[in-house]
Amino acid sequence: MIVATRYAKSLLDLAIEKGQLEAVYTDMLYIKDVCKQSNEFTSFLNSPIINADKKVSTLKAVFEGKLSAMTSGFITIVANKRRESVIPKMAESFVEQYKVHKNILTAVVTSANGLDAATKQKALDLVKGQLNGEVELVEKIDANIIGGFILKIGDRQIDKSVSRQLSNLKKELTRKTLN
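Taking this note's numbering, I'd label the letters of the sequence shown as residues 34 to 212.
Please keep in mind that the hints were generated in silico from the structure rather than gathered at the bench. Check the hints yourself; a few may be wrong.
Cβ pair distances, simulated, as ranges [to be verified]:
{"hint": "1", "residue 1": "R116", "residue 2": "K209", "range": "55 to 61 Å"}
{"hint": "2", "residue 1": "G180", "residue 2": "E55", "range": "37 to 43 Å"}
{"hint": "3", "residue 1": "I174", "residue 2": "L199", "range": "43 to 49 Å"}
{"hint": "4", "residue 1": "V141", "residue 2": "E50", "range": "29 to 35 Å"}
{"hint": "5", "residue 1": "N165", "residue 2": "D46", "range": "22 to 28 Å"}
{"hint": "6", "residue 1": "N165", "residue 2": "R208", "range": "15 to 21 Å"}
{"hint": "7", "residue 1": "A176", "residue 2": "R208", "range": "24 to 30 Å"}
{"hint": "8", "residue 1": "K114", "residue 2": "Y63", "range": "20 to 26 Å"}
{"hint": "9", "residue 1": "G98", "residue 2": "T152", "range": "38 to 44 Å"}
{"hint": "10", "residue 1": "Q154", "residue 2": "L199", "range": "26 to 32 Å"}
{"hint": "11", "residue 1": "T210", "residue 2": "Y63", "range": "51 to 57 Å"}
{"hint": "12", "residue 1": "N201", "residue 2": "E55", "range": "42 to 48 Å"}
Here a beta-carbon is modelled for each residue, glycine too, at the ideal position from N, C-alpha and C.
Hey, can you work out the whole structure from these sequences and the hints?
Below, the structure written as structure tokens:
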């Protein structure tokens with residue numbers, strides 16, 4: 034959503050200019066989390082039936098005392114311009130742009146049972162050794178991969194899962210059988 038990205042960029046630039054980047058980043062993580070956890074809240078923001086004044090007052094009530102003055106003011110401006118529906122995407126876009134600005138890369142490790150602390154640290158060290166910048170490790174669990182792991186960094190992926198190996202073996206056997 035282009036509008037959300039532009040609002041996020043404006044807020045990022047303002048936060049950098051005013052020296053409040055970390056506070057606004059924390060606020061955007063909180064807003065993103067609230068929107069992710071509450072489908073009702075997101076539906077409320079998207080509702081064309083509810084008038085803008087009601088949305089502004091509800092936003093103030095929900096976030097009162099939980100956001101910095103800059104973020105709160107910015108959210109109010111967005112809502113007053115009748116763009117409150119972009120707030121969830123704006124928060125997501127802000128977090129992404131913040132990571133780019135700070136050169137933070139996100140590595141997603143998917144495993145069947147979860148990683149223990151030692152394995153998680155090894156994965157983090159491996160990724161840090163290959164890349165320049167800070168690395169944020171996100172862990173996902175997917176029993177369908179049976180074992181092993183899948184590591185995603187940006188558009189790169191290393192798939193060392195048992196399910197992938199079985200799939201490759203099946204393809205190889207099918208190819209040999211047909212020849």
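Okay, the hints, checked on the actual structure:
no., hint, verdict
1, R116 to K209: 55 to 61 Å, "58 Å, holds"
2, G180 to E55: 37 to 43 Å, "39 Å, holds"
3, I174 to L199: 43 to 49 Å, "19 Å, violated"
4, V141 to E50: 29 to 35 Å, "32 Å, holds"
5, N165 to D46: 22 to 28 Å, "24 Å, holds"
6, N165 to R208: 15 to 21 Å, "40 Å, violated"
7, A176 to R208: 24 to 30 Å, "28 Å, holds"
8, K114 to Y63: 20 to 26 Å, "22 Å, holds"
9, G98 to T152: 38 to 44 Å, "40 Å, holds"
10, Q154 to L199: 26 to 32 Å, "28 Å, holds"
11, T210 to Y63: 51 to 57 Å, "56 Å, holds"
12, N201 to E55: 42 to 48 Å, "45 Å, holds"
Hints 3 and 6 from the earlier list are contradicted by this structure; the remaining hints agree with it.
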